[in-house]
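Construct the complete structure from the given sequences, taking the supplied hints into account.
From first to last, the protein sequence lines stand for chains A and B.
Quick note: the first sequence uses the working numbering, first residue 136, plus one each step.
Quick note: the second sequence uses the working numbering, first residue 15, plus one each step.
Please keep in mind that the hints were generated in silico from the structure rather than gathered at the bench.
Since the structure is predicted, the reported quantities are computational estimates derived from the model, not experimental observations.
Each residue gets a CB set at the ideal place from its N, CA and C atoms; glycine is no exception.
Each hint can be trusted.
Chain A is faced by these chain B residues, among others (derived, beta-carbon under 7 Å): (1) I39; (2) Q69; (3) L77; (4) T107; (5) D150; (6) G184.
Chain A stretches covered by chain B per the calculated footprint, using a threshold of three residues with CB under 8 Å from any CB of chain B: (7) 152-165; (8) 172-181; (9) 270-284.
FRET-style restraints, in silico, Cβ to Cβ: (10) B:G88 - A:L215: 20 to 26 Å; (11) A:L278 - B:A168: 30 to 36 Å; (12) B:R123 - A:V269: 22 to 28 Å; (13) B:A160 - A:L278: 30 to 36 Å.
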Amino acid sequence: MPFARRMLVEERRWLSAEEFTEILSLCQLLPGPNVVNVAVCVGARYRGAWGALAAFAGLMTAPFFIILGLGALHGQYGHLPAVSASFRGISAAAAGLVVAMGFKMAASRRLRSAMAWFAVVTFIGIALMRLPLVVFLLGAAPLSVVAALWRAK
Amino acid sequence: MSEEPLAQLAMDFSLLSLIAVGGAITVLPEMHRSVVEMHGWMSGSEFADLFALAQAAPGPNILVVSLIGWKVAGLAGAVVATAAVCAPSCVLTFAVSRIWQRFPGARWRTAVEDGLVPVTVGLMLAGGYLITRSADHSWPAFAITAVTAAVVLATRIHPLWLLGAAGLIGLAGWV
Numbered sequence: 136m137p138f139a140r141r142m143l144v145e146e147r148r149w150l151s152a153e154e155f156t157e158i159l160s161l162c163q164l165l166p167g168p169n170v171v172n173v174a175v176c177v178g179a180r181y182r183g184a185w186g187a188l189a190a191f192a193g194l195m196t197a198p199f200f201i202i203l204g205l206g207a208l209h210g211q212y213g214h215l216p217a218v219s220a221s222f223r224g225i226s227a228a229a230a231g232l233v234v235a236m237g238f239k240m241a242a243s244r245r246l247r248s249a250m251a252w253f254a255v256v257t258f259i260g261i262a263l264m265r266l267p268l269v270v271f272l273l274g275a276a277p278l279s280v281v282a283a284l285w286r287a288k
Numbered sequence: 015m016s017e018e019p020l021a022q023l024a025m026d027f028s029l030l031s032l033i034a035v036g037g038a039i040t041v042l043p044e045m046h047r048s049v050v051e052m053h054g055w056m057s058g059s060e061f062a063d064l065f066a067l068a069q070a071a072p073g074p075n076i077l078v079v080s081l082i083g084w085k086v087a088g089l090a091g092a093v094v095a096t097a098a099v100c101a102p103s104c105v106l107t108f109a110v111s112r113i114w115q116r117f118p119g120a121r122w123r124t125a126v127e128d129g130l131v132p133v134t135v136g137l138m139l140a141g142g143y144l145i146t147r148s149a150d151h152s153w154p155a156f157a158i159t160a161v162t163a164a165v166v167l168a169t170r171i172h173p174l175w176l177l178g179a180a181g182l183i184g185l186a187g188w189v
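Printed below as a string of structure tokens:
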């Protein structure tokens, strides 16, 4: 994302810093990877649906083939003791990246209120009780939005 | 190759696409549930390996679904899974980005934002918990997870260095 920002705002000047922030905050709210959503929004702003499609394809094509290449290598050599030993380390570190991301988000300005209980309940429901995500979200997300609306009054 | 896994991939992942607020990490618990627990397409540690690959590779982490698709049904599986996970959210983004610009500062807009953040945070923490349980089967592995998380929170070091260092520790046979 920092690379996307540098390219869009500083090098190509397709967006002002304010426009970028506005688009990013919307894209963080919507489902899908943020960087993909930003690409779709910027493409749509300049060239409509085709622009969105072009931006998406440009962003995803190379990484798609790179990851399949890596996946094929892993499939070929993953059973070798040396490779699977390294992967025990790499997977553990990758898990740490996810944990850190969760804590970073938890420190967000928007969470310093009673709203934080919705995060706690979500964690318990999904991680500990293993409730199906769709069912859980249909209940929790509307409640959380209503609570936010009520608090804003 | 039977058609059924392809249909399953398409169905499961297009549903995930619409709830993946914040990206792959939010739906990690549900992906794990579908891929490992329900369909038994792979073991928990294989799943953790593929996710580690997706994090190390360039591009969004959501590309882990390409690897899952590849593993389940070859190239067709990779294409179907990737398209399924991208199309619904992209179409939604495209539509909403047009509507959103017309209502700057509306109260319901702020409420939707404030209401979704805590749920997203809860989902990310749940994802961290579940992937840690899948990836770590020894105390050194838990230590690597904890140290990585702490270093990422405390410094601005590029994550690839941490993944590389952890790979070397694994290679040395300590995990």
